[in-house]
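*Asks:* Here are the chains, one letter per residue:
There are 2 protein chains.
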Amino acid sequence: MRIKNQAELERWLAQGKATPILPTELRSTAKTKPVDPSLQRRIFGLDTALRCTGWGMIDVRGNQLKAVDCGVIKNSPKAPFSDCLRCLSISVRELIELYRPNIAVIEGGFYCRNVKTAMVLGSARGAVIAALAEAGIPIHEYAPRRVKQAVCGFGNASKQQVALLVAQFLAIQVDKMPLDSSDALALALCHAQNLTVAQGHGISPEI
Amino acid sequence: MRIKNQAELERWLAQGKATPILPTELRSTAKTKPVDPSLQRRIFGLDTALRCTGWGMIDVRGNQLKAVDCGVIKNSPKAPFSDCLRCLSISVRELIELYRPNIAVIEGGFYCRNVKTAMVLGSARGAVIAALAEAGIPIHEYAPRRVKQAVCGFGNASKQQVALLVAQFLAIQVDKMPLDSSDALALALCHAQNLTVAQGHGISPEI
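Protein sequences, first through last, are from chains L and C.
Per the numbering used here, residue 1 is the first one in the first sequence, and the count goes up by one each step.
Per the numbering used here, residue 1 is the first one in the second sequence, and the count goes up by one each step.
The following block holds chain L by itself, in its conformation from the complex (with noise of 0.2 Å):
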């Protein structure tokens, strides 16, 4: 079943059912090997931004999805530039000592309009990635577009119906779930959609 719009996501939003979506033209982009389903996998998936930058850590085995844990890390929209990338960085790297994710999963391929917020906005992903490669995890990017379709059905999804249908997935509560977490572990059920639903068909490839 794939899900076309808004009224239909709705609807089955009201069955109290969400089962992972497989987006069909995945099928056909497939460039990478199958993947072993039978392999545990913790992924942390993160919505990176200089002031807020959510995450998220599921663990993947077979078809089950498992929420290990979320947050927000959070930066004084008073701090400095330097020190707001010196606390990304850090905390990144404490989050990977303290949960041991074997995939990173974060957004990429957005429109940005204006070349400044896209400066900023890859100063924070700079920080976070170099955090990630250097501890030898594996970095994936996804569009938000094809986020939102794997886990929504559909790609105009907005940040609400994304955390609904994510706390569903994850069988969590939609109000203890910080809502800039959410995307975080959207992010990180979209790679665990392509991993094990669509047997490692569509996965992006590494950065």
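There are no misleading hints in this set.
Derived lysine-lysine pairs resembling BS3-like cross-links, with alpha carbons at most 30 Å apart: (1) K159/C to K66/C; (2) K74/C to K116/L; (3) K78/C to K116/L; (4) K66/L to K176/L; (5) K66/C to K176/C; (6) K159/L to K116/L; (7) K78/L to K116/L; (8) K159/C to K74/C; (9) K116/L to K159/C; (10) K176/C to K159/C; (11) K74/L to K176/L; (12) K116/C to K116/L; (13) K74/C to K176/C; (14) K116/C to K159/L; (15) K116/C to K78/L; (16) K116/C to K74/L.
If you anchor each label on the Cβ, the simulated ranges turn out as follows: (17) Q40/C to S158/L: 56 to 62 Å; (18) G155/L to D175/C: 52 to 58 Å; (19) R51/L to Q40/C: 33 to 39 Å; (20) P178/L to G62/C: 51 to 57 Å.
Which bits of chain L does chain C cover? Going by a derived footprint, with three or more residues having C-beta under 8 Å, they are: (21) 75-82; (22) 88-101.
In short, the hints are calculated from the structure, not lab data.
Predicted, not measured: the structure shown is a model, and the values here were computed from it.
Built from N, CA and C at the ideal position, the CB exists for glycine as well.
Let chain L serve as the given structure and place chain C on it in line with the hints.
*Replies:* Below, chain C without anything else, positioned relative to chain L:
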């Protein structure tokens, strides 16, 4: 003496003399306290890019400037994006460990037409700034135009002209200095001039 154009610069270079130029307009924009000129400081200049980051280290005591070392952090054009950032971050940390600089200076406030380029350049800057900030080194940022004005006397100087003047200031042979590191040394020189000749006036605030 202020050099206003290329012809003047060439005459000046022909004389074989190089003394620090004090950009007079900086005096009026001075916001920081005067700096004790007797202190010795090691300035770490970085001209950041993903594939080729130039760096230069200079020592400053009073009006005396001395080149310590310079070089380039190179990444293969085929190296994955995350590998480049990992290499940048590790190399910067190694240089800090080796030379123990007190101050870092990077390029900033430049114009970048393309959003994608801004994002990539931002990532390289993010990895470098995070490494510097983690080592507790204060970071200053100067626009390319201001650096050229401080080193060459006018803001439109070419890369070769900057390299020539940097070599003259620091009494090093221009052919022994990697071209990509001359901009990094120029950044360090620009900050050194504001520290010494301008006695701390005109120093850009820490980022």
